[in-house]
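Colleague: Residue-level listing of the chains:
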Amino acid sequence: MERQQRQRRRGAARTVAAAVMTALKHPRVWLTVWLVVLLPSLLAVLPAVASLDRALAPHPGASMVVEQALDVDFVRQHPEVQVPWFGAAVFVALVLLLFGGGVLAHVGRGTPHSYGTLWADGGRLLLRNLRALLIGGVLAWLLTWGCGAFESWVLNDWLPEADPGAMLFGIRLLSLEVGIEAMRYVFGLAFLGLLLLTKMAMARMALFEGRSASLAWLRVVLWMLRHPLRVGLVVASFALLWLVVGYVTGEITVRALESSSMIWLGLAAGQLGMMALAILVVASLVAAREMLPQPAPERSDPLAEEGA
Amino acid sequence: MSLPFHGCRAAGLLVALASLAAQDSPLRYAMQVELLPAERALSGRQRIHWTNTSRFPVQELRFHLYLNAFESLETTHMREAGEEFQAQWRASDLGGIQVDSVKLDDAESEVDLTQTMRFERPEDGNPDDRTVLVVELPVPVAPGAAIALRTAFTAKLPKANRRSGWVPGDGYYCMHWFPKLGVLEDRGGKPVWNCHQFHAHTEFFADFASYDVEITVPESFVVGATGSLQPERTRRSGATKTLAYTADQVHDFAWVADPDFREHVEVFGPHSAADDPLAVAVAARQGVPVSEFDLPRTEIRLLLRPEHDTDEQRRRHIEAVRCAMMFYGLRFGPYPYPSITVVDPGRDVTGRSLGGGMEYPTLITCGTKLFPHGREMRPEGVTVHEFGHQYWYGLSANNEFEESWLDEGLNSYAEGRAQWLWYRLRTFPTETQQFGLLTLGSVAGPVPLAQPRLRDSVAHVLPVDWAAWLREVDMPAALAPASPLLSLLGDLPMATYPREVPFDDSLQDRRRWLAAATSDPMVLPGWEYLNRASYTANSYHRPATILRTLERLVGREIWWAFMRRFHMEARFRHPTTEEFTRMLAEMCGREAADYFNGAIAAQAVLDYGVERVEPPDGRGPAKTIVVRRYGSQPARVRIRFKFENRVAYRETRANDTAATWRFRFEDPADGEAFGRLLEVWVDPPEGSPDTRESFEQGSWPAGVYLTDENLLNNAWRAEPDHGPALLRGLRLLLQTQARLSFAALAG
Chain A
883 MERQQRQRRR
893 GAARTVAAAV
903 MTALKHPRVW
913 LTVWLVVLLP
923 SLLAVLPAVA
933 SLDRALAPHP
943 GASMVVEQAL
953 DVDFVRQHPE
963 VQVPWFGAAV
973 FVALVLLLFG
983 GGVLAHVGRG
993 TPHSYGTLWA
1003 DGGRLLLRNL
1013 RALLIGGVLA
1023 WLLTWGCGAF
1033 ESWVLNDWLP
1043 EADPGAMLFG
1053 IRLLSLEVGI
1063 EAMRYVFGLA
1073 FLGLLLLTKM
1083 AMARMALFEG
1093 RSASLAWLRV
1103 VLWMLRHPLR
1113 VGLVVASFAL
1123 LWLVVGYVTG
1133 EITVRALESS
1143 SMIWLGLAAG
1153 QLGMMALAIL
1163 VVASLVAARE
1173 MLPQPAPERS
1183 DPLAEEGA
Chain B
422 MSLPFHGCRA
432 AGLLVALASL
442 AAQDSPLRYA
452 MQVELLPAER
462 ALSGRQRIHW
472 TNTSRFPVQE
482 LRFHLYLNAF
492 ESLETTHMRE
502 AGEEFQAQWR
512 ASDLGGIQVD
522 SVKLDDAESE
532 VDLTQTMRFE
542 RPEDGNPDDR
552 TVLVVELPVP
562 VAPGAAIALR
572 TAFTAKLPKA
582 NRRSGWVPGD
592 GYYCMHWFPK
602 LGVLEDRGGK
612 PVWNCHQFHA
622 HTEFFADFAS
632 YDVEITVPES
642 FVVGATGSLQ
652 PERTRRSGAT
662 KTLAYTADQV
672 HDFAWVADPD
682 FREHVEVFGP
692 HSAADDPLAV
702 AVAARQGVPV
712 SEFDLPRTEI
722 RLLLRPEHDT
732 DEQRRRHIEA
742 VRCAMMFYGL
752 RFGPYPYPSI
762 TVVDPGRDVT
772 GRSLGGGMEY
782 PTLITCGTKL
792 FPHGREMRPE
802 GVTVHEFGHQ
812 YWYGLSANNE
822 FEESWLDEGL
832 NSYAEGRAQW
842 LWYRLRTFPT
852 ETQQFGLLTL
862 GSVAGPVPLA
872 QPRLRDSVAH
882 VLPVDWAAWL
892 REVDMPAALA
902 PASPLLSLLG
912 DLPMATYPRE
922 VPFDDSLQDR
932 RRWLAAATSD
942 PMVLPGWEYL
952 NRASYTANSY
962 HRPATILRTL
972 ERLVGREIWW
982 AFMRRFHMEA
992 RFRHPTTEEF
1002 TRMLAEMCGR
1012 EAADYFNGAI
1022 AAQAVLDYGV
1032 ERVEPPDGRG
1042 PAKTIVVRRY
1052 GSQPARVRIR
1062 FKFENRVAYR
1072 ETRANDTAAT
1082 WRFRFEDPAD
1092 GEAFGRLLEV
1102 WVDPPEGSPD
1112 TRESFEQGSW
1122 PAGVYLTDEN
1132 LLNNAWRAEP
1142 DHGPALLRGL
1152 RLLLQTQARL
1162 SFAALAG
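As you go down the protein sequences, you meet chains A and B in turn. Per my numbering, numbering of the first sequence is gapless, rising by one per residue and ending at 1190. Per my numbering, numbering of the second sequence is gapless, rising by one per residue and ending at 1168.
Honestly, the hints are just simulated from the structure, not real lab data. Think of the CB as a built atom: it goes at the ideal place given N, C-alpha and C, for glycine as much as any other residue. Treat each hint with caution, since some may be false.
[Said to hold, decoys possible] Cβ pair distances, simulated, as ranges:
| no. | chain 1 | residue 1 | chain 2 | residue 2 | range |
| --- | --- | --- | --- | --- | --- |
| 1 | A | Leu1050 | B | Gln651 | 38 to 44 angstroms |
| 2 | B | Val613 | A | Glu1140 | 58 to 64 angstroms |
| 3 | A | Met903 | B | Arg773 | 42 to 48 angstroms |
| 4 | B | Glu1140 | A | Arg896 | 53 to 59 angstroms |
| 5 | B | Glu990 | A | Leu1050 | 17 to 23 angstroms |
| 6 | A | Glu1140 | B | Ala702 | 54 to 60 angstroms |
| 7 | A | Arg1054 | B | Val701 | 43 to 49 angstroms |
| 8 | A | Arg1054 | B | Ala695 | 51 to 57 angstroms |
| 9 | B | Ala459 | A | Leu1050 | 53 to 59 angstroms |
| 10 | B | Ala660 | A | Arg1054 | 57 to 63 angstroms |
| 11 | A | Pro961 | B | Arg847 | 52 to 58 angstroms |
| 12 | B | Ala459 | A | Glu1140 | 55 to 61 angstroms |
[As the list claims (entries may be wrong)] Here are some chain A residues pointing at chain B (derived, C-beta under 10 angstroms):
| no. | residue |
| --- | --- |
| 13 | Ala899 |
| 14 | Trp1001 |
| 15 | Gly1030 |
| 16 | Ser1119 |
| 17 | Trp1124 |
| 18 | Gly1148 |
Using the sequences provided together with the hints, build the complete structure.
Modeller: Structure (structure tokens):
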């Protein structure tokens, strides 16, 4: 109960910070996430790089910057060269659905576990997590449809003749155009919130050994309705951290990649950035679990009980 | 007002020219129009004085009623524009023009011709299209004779989806708003009205005329219009005011009115051409004093939307106009009108520009955005382009229906040149990416590989029925709402996109032309192109690329002497492609004309490349290099052979229609050996990559032929450099990892 109350008192920023710290303390976990992303990325990219090399290596005009002439000609001459990122994305999502179950069950909870236990318990929770994900998919479809319908109503029915430049107090940042932009950012945050709720539903099943994904979703949604601001702030914090990682990585990586002598520095900095993203992925799982009301102490280790 | 000598001379000449033109103009429009904001309508009257300058008696007159293109979804314009465009229109957005009466205004009596009016559909017979009005005359107008017509008309303005109409707020863009005579032409010894329907992919064509227009609007409205305001004729009556504008030697009259416009006035010039070495060289070549190239004083009137009325926006708009006035003035001839009005067009609630960038005599609409990035060419690009149309369309008034390249192509080429010269070395514009209102500067987009569509990736592994269903569904759009935030998080552009990719019009034009994969000839009536992409490619990007190639082929002094003469001879006339080709051959030589004729033909392909090198490592006392023509168009192509000990050049002949050339290099028995062959380059750039900064040098990585469709096969080198592919590969890897990391959030 004490832990539960502590969690409830914890603000959104502290929740995120604590989740990131927890994730950082488990390097094997985030390195796994990084590898799960890196390996299919390499597989997807390498054939395209080989084709690029065959086309560009013999040409003295191929420079270190992207050439709008030669690169564009390459695309025209080799339409078959693509990076099949969608297949790789599905693979990554499924593998991490498997691994994520173990993370939700153990990481940062103080339960005894080995690296193998993470995968094993992830496997045990896989089907129920898959069901939660499918419900999340349906809700994502509904959310997307709803956002589209709402935006269409705003633009075509409510404000079709409104002046986009109309400003409150003559302030450009308070113009109708900016307001519509803000609405689209809110759509994005809502989608990210849905991802967080999906994880919370999974976490709830892991914590309480529930098997009903629908019930877990229902409870999570009810909880979210009582704490909408907290969910919004956690989501916004993660989004901000994600962008900060991108910015910092970019400042180092992209500049390093402008010089042939620093290309390996660019690679290293880029991968550090991707590791940081992996930490955030793990942290989002931990935060989703930690935001939930926690089970009573005697039921706090359901997996151990099940094992017994 | 006191003016420096050179400006004064040019300005005085133009004033005299204009007043002479007004008196002698065979076509004169006198119009009174009232804007009725409550009804979003215009009520107008016009008196048209027309002289038959043809060799034939004329029995009928033909008028354009352009606004009627928007009176239903069944007009030719709407049908050609397609369902996506039609879906943007609500019933209340439609509009059109009705001619209430037409009378022949004889000195002694009026003859009512209203009953003789009928609509013609010369291209497609579409009964729902009423954009061409025919008025029968009671007696033919003899050659040299003149008539006067009086018409009364009312127009319900459409929403300004294509140039003309009202915009949200209280703005009115009155373009193509009045009954306007077509152009009478002599075709095969017969008088023919060149008066086409208003098609989706065509613009306009009219004779030069003098206009005297009185515009009545509510008192609070700020008006911008073609021509010059006549302040002494301004009248005020209660809540309205009437403003009079006159314009001579123009072929259209457009005006805008909006109470929210913020007005700024600046001045360009006068400017001496003696500071410009190329102008001095061209003047010398033409045997005229360079002072004839001097530019007169011109007033720049800027009408900005309030949300764009910032110091930066003002500066950037005015600087773009000055850039264009300087370049076009020095290269083609002085701008002859006393002013230019630059209008920031209205937008809909999504921020989409309504009407967009468009040109009208002495008035242009441009377009900017709320937060323009400092290194992107917006609003500069569209402003330079639309001002350029004052020359290519305004002064040199080609038939935009039938030979659109003569304005859009020539202007796109010149616009790119102007921007290169003015902005390149100072602001070094780069590619930028837009994420909603956020512009990421110096970010060029994903590594330009073909991006697989998500549904296609899945569809090929699924049963046929599912595949068909999936192709109908855009899965990413179905499962995640459209949000710039998600785009940012998914792609992490700041970490994964290439940076500092220079913005280059020449390469943009080349890319867009080739992307259209058009097999049409370059010159066609607008409605006969295969599709809009082909129209756009053949009107803008292909001719711009061909003209850049021609400049390189003939050399800058000859080229710009030709361009200036062609423009000056086309001023206040309707030039044709035939005239262009004839003068090109005369001033730039047969080779240039042959290249041009070959490049504009249907299915023209220019592609030279290195087929193979023997021995493949470039070593040995004898080397053979096979160069091949892969395309249909022959050209004189220079080839550079770089050996260890020397550099050699060879050339193919312009009229050589062979498919392959073998170049053999053997070490001389008693001289210095060539050494290893290091590099072969067909059509190499003249100079090092560093010379890309030079205005006249042109763009990397072609020497002359930017129309070469595959530059990848133009070069060979003995020691391959894997760096460029590695670099692109690392960016691709990061980009893929960023996307997959985002996907991992679902796991």
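Colleague: Next step is simple, just say for each hint if it's right about the structure.
Modeller: Structure-based check of all given hints:
1. For the pair Leu1050/A and Gln651/B, the supplied restraint of 38 to 44 angstroms holds, since their beta-carbon distance comes to about 40 angstroms.
2. At roughly 60 angstroms, the beta carbons of Val613/B and Glu1140/A sit within the given window of 58 to 64 angstroms.
3. Taking 42 to 48 angstroms as the suggested C-beta distance range, the pair Met903/A and Arg773/B conforms, at roughly 46 angstroms.
4. Separated by about 58 angstroms at the C-beta atoms, Glu1140/B and Arg896/A satisfy the suggested range of 53 to 59 angstroms.
5. Range check, Glu990/B to Leu1050/A: Cβ separation about 55 angstroms, and the 17 to 23 angstroms hint is violated.
6. As the Cβ distance of Glu1140/A to Ala702/B is approximately 38 angstroms, the hint placing it in 54 to 60 angstroms is violated.
7. Between Arg1054/A and Val701/B the CB atoms are about 46 angstroms apart, so this pair conforms to the stated range of 43 to 49 angstroms.
8. At roughly 44 angstroms, the beta carbons of Arg1054/A and Ala695/B sit outside the given window of 51 to 57 angstroms.
9. Between Ala459/B and Leu1050/A, the C-beta spacing of about 27 angstroms breaks the proposed range 53 to 59 angstroms.
10. Range check, Ala660/B to Arg1054/A: about 31 angstroms between beta-carbon atoms, so the 57 to 63 angstroms window is missed.
11. Taking the beta carbon of each, Pro961/A and Arg847/B are about 38 angstroms apart, not inside 52 to 58 angstroms as hinted.
12. For Ala459/B and Glu1140/A, the Cβ-Cβ distance of about 59 angstroms falls inside the hinted range of 55 to 61 angstroms, so the restraint holds.
13. Here the hint on Ala899/A is broken, as its CB sits about 19 angstroms from the closest CB of chain B, past 10 angstroms.
14. Using the Cβ-Cβ criterion of 10 angstroms, the hint placing Trp1001/A at the interface with chain B is not satisfied: the shortest such distance is roughly 13 angstroms.
15. Checking Gly1030/A against chain B by beta carbon gives a least distance of about 7 angstroms; that is within 10 angstroms, so the hint holds.
16. For Ser1119/A, the interface hint is violated, since its Cβ never comes within 10 angstroms of a Cβ in chain B; the closest pair sits about 13 angstroms apart.
17. Satisfaction of the interface hint for Trp1124/A is found here, the shortest Cβ-Cβ separation to chain B being roughly 5 angstroms, below the 10 angstroms cut-off.
18. Checking Gly1148/A against chain B: minimum C-beta separation of about 6 angstroms stays under 10 angstroms; hint holds.
Hint compliance for this structure: hints 5, 6, 8, 9, 10, 11, 13, 14 and 16 are not met, and every other hint is.
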